[in-house]
Amino acid sequence: MAEIAITLLLNALSAALALSLVALGLAIIFGFMGVINLAHGAFLTVGAYVVWMVPAKLGLSFWVGLVLAPIIVGLIGALIERFVIRYLYDRLLDTILATWGISLALVELVKLAFGTTSKSVSNPLRGSVDLGVTVYPTYRLFLIGFCLAILVAVFAFFKSTDIGVRLRAVIQDPDAASLQGLNKTRMYQYSFASGAALAGLGGAAIAPITTVDPTMGVTYLLESFFAVILGGTGALIAVVPGSLIVAGSTNVMTFIISPVLAQTIVFVFVIVAMIIRPQGIVPEAWHE
Amino acid sequence: MSNNNRNLAIGPVELSVADGSMQLSIGRLQTDAKKLLLGTSLLVLLAAPAIFTGYFIGLLAVAFLYAIFAISVDLVWGYAGILTFGHAAFFGLGAYLMGVITTELSLPSIGLLGLLIAFLGPALVGLVVAGVLFSRGISEEYFTIITLALAIVASQAALILSDITGGSNGLTGIPLLGIEIPGIMTYRLPYELFYFVALVALVGVYLVGKRIVQSPFGTTLAGINENETKVSSLGYDPVKYKTLVFGLSTGIAGFAGALYAAYSGFISPPLLGFALSTEVLIWVLVGGRGTLIGPVIGATALYLAENMFSGLFLNTWVLGLGLLLVAIVLVFPAGVVGVFSLAEQKLNRYLEET
Amino acid sequence: MTTAETASEGTNTAESAEPVLLRTENLTRQFGSLVAVNDVNLSIPRGEFHSIIGPNGAGKTTLFNMLAGTLPESEGRVVFDGDEITGLKDYERVQRGISRAFQTPQLFPGLTVLENLRLAVQAQNQSFNPLKKTDPAHERRAHEVLEQIKFDADPGQATENLSHGNKKKLELLMSLSVDPDLLLLDEPTSGVSHADSESLMEFISKTSRERTVLLIEHNVDLVLEYSDRITVLNRGEVISQGTPSYITDDETVQDAYMGSY
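Chains as they are written, first to last, in our numbering: chain D, 118 to 405; chain Y, 389 to 742; chain E, 595 to 855.
For the record, the hints were derived by calculation from the structure and aren't laboratory data. Careful, some of the hints might be misleading.
Stated by the list, open to error - Below, in silico cross-link-like pairs of lysine to any residue (SDA-like), each with a Cα-Cα straight-line distance of 20 Å or less:
{"no.": "1", "chain 1": "E", "residue 1": "683", "chain 2": "Y", "residue 2": "626"}
{"no.": "2", "chain 1": "D", "residue 1": "228", "chain 2": "Y", "residue 2": "628"}
{"no.": "3", "chain 1": "E", "residue 1": "744", "chain 2": "E", "residue 2": "797"}
{"no.": "4", "chain 1": "D", "residue 1": "228", "chain 2": "Y", "residue 2": "706"}
{"no.": "5", "chain 1": "E", "residue 1": "727", "chain 2": "Y", "residue 2": "697"}
{"no.": "6", "chain 1": "D", "residue 1": "228", "chain 2": "Y", "residue 2": "697"}
{"no.": "7", "chain 1": "E", "residue 1": "727", "chain 2": "Y", "residue 2": "580"}
{"no.": "8", "chain 1": "E", "residue 1": "683", "chain 2": "Y", "residue 2": "525"}
{"no.": "9", "chain 1": "Y", "residue 1": "598", "chain 2": "E", "residue 2": "722"}
{"no.": "10", "chain 1": "E", "residue 1": "800", "chain 2": "E", "residue 2": "740"}
{"no.": "11", "chain 1": "Y", "residue 1": "628", "chain 2": "E", "residue 2": "690"}
{"no.": "12", "chain 1": "Y", "residue 1": "628", "chain 2": "E", "residue 2": "689"}
{"no.": "13", "chain 1": "E", "residue 1": "683", "chain 2": "Y", "residue 2": "617"}
Let the sequences and hints guide you as you build the complete structure.
So, in structure tokens, the structure goes:
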């Protein structure tokens with residue numbers, strides 16, 4: 118029993134941390150730019166395809182792909198910011214439409230290039246580790262550690278560096294950018310590129326434990342939106358509890374009921390939570 | 389307000405501008421150019437079954453139903469400024485209500501009653517959803533995300549509730565419209581006539597839409613779209629107006645869905661989902677939001693093009709649609725109707741100057 | 595407080611059941627650690643033309659935002675026409691008879707001048723019937739409202755292209771169109787030409803015979819000329835209150851203004 122419980126918890130934890138990465142990207146883009154990025158799911162898909170392509174087409178190692186994925190998706194993000202988003206900063210609702218258009222186009226390009234069939238990315242860390250209570254797949258353990266490391270690095274950047282602290286002020290009050298002496302254009306470009314890169318990294322990291330297909334992004338898009346909204350947009354760190362609830366509870370429930378039903382229950386729960394507490398579940402004190 | 393009588397004449401045909409509207413006169417006959425264009429199109433559409441193949445007429449009938457759906461989206465998005473990414477949930481709800489009523493309840497006779505229920509059901513759900521969200525002060529972006537989630541939840545619900553909805557197999561054998569009063573009369577609509585039903589429904593919804601946007605209620609919506617703070621400071625409660633128009637819109641979407649179910653005879657979960665929800669936004673955007681005729685043009689043209697040419701473009705149709713969406717948002721947010729009204733302004737100016 | 599009470603003895607209150615139309619008690623608004631409006635007590639009799647003056651940042655507009663209901667009160671109470679209205683939403687206050695003209699005109703840029711006015715007129719007679727036709731009486735009323743004032747632009751044009759002066763006039767007319775008992779005017783003449791300012795104030799003074807006016811105004815000469823009573827705010831607090839002649843002689847007022855200019 119304990120064995121199953123631990124396995125279940127570790128599954129939930131790995132799913133939640135992977136979602137945190139993706140949701141953090143979304144929160145960065147929303148927090149700094151006010152842009153609702155519906156292309157986030159497509160960014161994740163592209164990241165997953167990069168990590169599939171590097172071993173399958175180029176014959177290089179998975180780990181090269183894991184490094185390349187955020188770089189490539191980040192560059193795509195920078196280009197999109199430069200040529201599309203930049204012209205829509207004062208039209209918030211229109212950015213939703215434009216990023217959705219981009220999402221459609223990216224997913225279709227993936228389909229055109231690689232077909233609609235799902236790809237499998239071979240597991241780079243086969244085997245399992247004996248944890249005493251349970252035996253757990255090595256890659257999933259790696260995923261937990263890897264996501265934690267990235268999250269800690271990102272939050273350390275915002276906590277300890279001068280620029281990070283100034284950027285945090287912008288999240289709490291979007292008008293503060295000029296007060297903080299930040300170059301808005303550059304801040305927007307970096308925000309969008311790094312947000313996209315996080316989605317690409319997330320897609321690459323989960324690729325070995327999921328099916329990679331052109332439409333894989335939609336679920337993650339919605340789940341990361343819910344994680345961000347549930348946590349609250351006042352602080353980046355709120356995506357972690359948000360993701361733990363969204364992905365964690367879906368994962369645990371899947372043990373008992375069908376995945377579709379589990380997801381539906383979680384979505385309904387989040388909508389209700391949003392109605393009751395629109396500012397998010399994270400207390401105000403976290404915003405500092 | 390110009391009262392001059394400058395005109396452009398080719399033989400007996402004369403185009404002139406009076407009080408800002410364009411007049412067309414042929415010989416002694418004078419008429420509003422736009423009304424003439426609408427009237428002519430309507431005549432062509434009425435005569436269409438005699439001209440085109442049955443396949444094309446079938447496509448056109450479905451296009452009309454999607455055009456009604458697009459009008460419903462335009463009422464909330466174009467007029468009240470509420471962007472919804474989940475309107476297919478209501479279109480699909482209408483379709484499923486119609487399907488369940490006519491097949492599972494084995495009451496094929498109440499096809500027309502089905503239309504009414506397919507309007508009222510989604511309208512009620514829309515009122516509750518919008519009422520709760522808006523009165524809780526949910527921001528417009530959050531509202532959009534929630535509608536997006538709603539579409540996904542709805543299509544998943546249709547999968548899960550397979551006892552009622554047939555799950556992923558959907559519902560089949562939904563009959564065309566009919567009226568049956570046992571022992572007194574039985575009427576089944578012939579398949580060929582459905583085209584006219586769809587056309588009449590579209591014209592009806594268009595006229596109702598026109599009436600709505602020109603009403604004091606519609607002016608208030610326009611005010612909310614432009615400056616919600618000011619509307620509120622004049623003594624209006626914007627939440628009530630937004631809720632009501634959302635409910636109206638979801639009702640119309642359900643009505644269109646019910647007609648779709650009756651005509652196609654088959655419905656399945658994607659009808660409620662995210663893809664159709666976003667496709668309708670593209671139709672509205674391409675046609676021109678905030679104009680009722682724009683969504684009709686956008687939905688009809690794009691649906692026909694998709695079905696007739698997507699074979700040629702193979703997989704590039706959606707790619708093109710995505711790029712088109714970005715291009716319109718960036719370059720021409722007013723859509724096709726916007727292009728026309730710009731051309732009209734230019735022509736007016738030309739006519740006034742010569 | 596005592597100055598306010600003695601000063602109001604001189605003003606002639608209307609012969610209504612409720613002589614005091616608007617009363618605030620300890621009204622306070624904080625933004626974080628900043629106290630924008632601090633413990634303000636006002637008592638405005640029906641029919642009074644009352645001005646609020648004070649240096650920039652004195653909390654005048656914040657006070658208006660609280661009175662109009664666009665900003666929640668941090669502390670204190672607002673009583674209007676005998677009823678407590680603290681916490682009510684802005685549109686609920688309009689329905690009770692408080693209307694407000696914004697300092698920066700808040701118009702509907704895509705709608706015409708007449709449509710803007712009609713929206714204001716219709717607010718008194720709201721209809722949730724989406725199929726109802728526009729009432730011709732409302733159209734006529736919109737025209738009538740516009741004729742009250744010298745307005746030198748095509749009423750059929752969209753308001754986004756209006757001159758600043760015309761926008762200010764329209765803002766004022768719209769706030770009047772909802773037929774309020776209390777009119778809150780936030781610098782109705784700012785940015786308006788000198789000649790227009792005079793005629794606008796003349797118009798406001800004329801309408802104030804039927805209603806109570808609370809005015810924020812920078813032009814002290816106009817304030818002294820038209821007001822029955824004046825409240826002087828500084829750093830969110832009432833530093834003086836009384837008739838124009840009382841205010842001109844008050845040294846605390848002179849000090850406050852000297853300090854800020």
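Now the hints, each set against the structure:
1. For a cut-off of 20 Å, the pair hint linking residue 683 of chain E to residue 626 of chain Y stands: about 11 Å separates their Cα positions.
2. Taking the CA atoms of residue 228 of chain D and residue 628 of chain Y, the gap is near 44 Å; set against the 20 Å cutoff, the hint is violated.
3. For the proposed pair residue 744 of chain E and residue 797 of chain E, the alpha carbon gap of about 10 Å is at most 20 Å, so the pair holds.
4. Annotation: proposed proximity of residue 228 of chain D to residue 706 of chain Y holds, straight-line Cα distance about 11 Å (limit 20 Å).
5. This hinted pair does not check out: residue 727 of chain E and residue 697 of chain Y have alpha carbons roughly 43 Å apart, beyond 20 Å.
6. A hinted pair counts as satisfied when its Cα atoms are at most 20 Å apart, and residue 228 of chain D with residue 697 of chain Y qualifies at roughly 19 Å.
7. A distance of roughly 37 Å separates the Cα atoms of residue 727 of chain E and residue 580 of chain Y; the hinted pair therefore is violated under the 20 Å criterion.
8. At most 20 Å may separate the alpha-carbon atoms for a hinted pair to count; residue 683 of chain E and residue 525 of chain Y meet this at roughly 13 Å.
9. With a C-alpha separation of about 16 Å, the suggested pairing of residue 598 of chain Y with residue 722 of chain E holds against the 20 Å cut-off.
10. Distance restraint check for residue 800 of chain E and residue 740 of chain E: the Cα-Cα separation of roughly 15 Å lies within the 20 Å cut-off, and the hinted pair is therefore satisfied.
11. The hinted pair formed by residue 628 of chain Y and residue 690 of chain E meets the criterion: a straight-line CA distance of about 18 Å does not exceed 20 Å.
12. A distance of roughly 15 Å separates the Cα atoms of residue 628 of chain Y and residue 689 of chain E; the hinted pair therefore holds under the 20 Å criterion.
13. At roughly 12 Å between alpha-carbon atoms, residue 683 of chain E and residue 617 of chain Y fall within 20 Å of each other, so this suggested pair holds.
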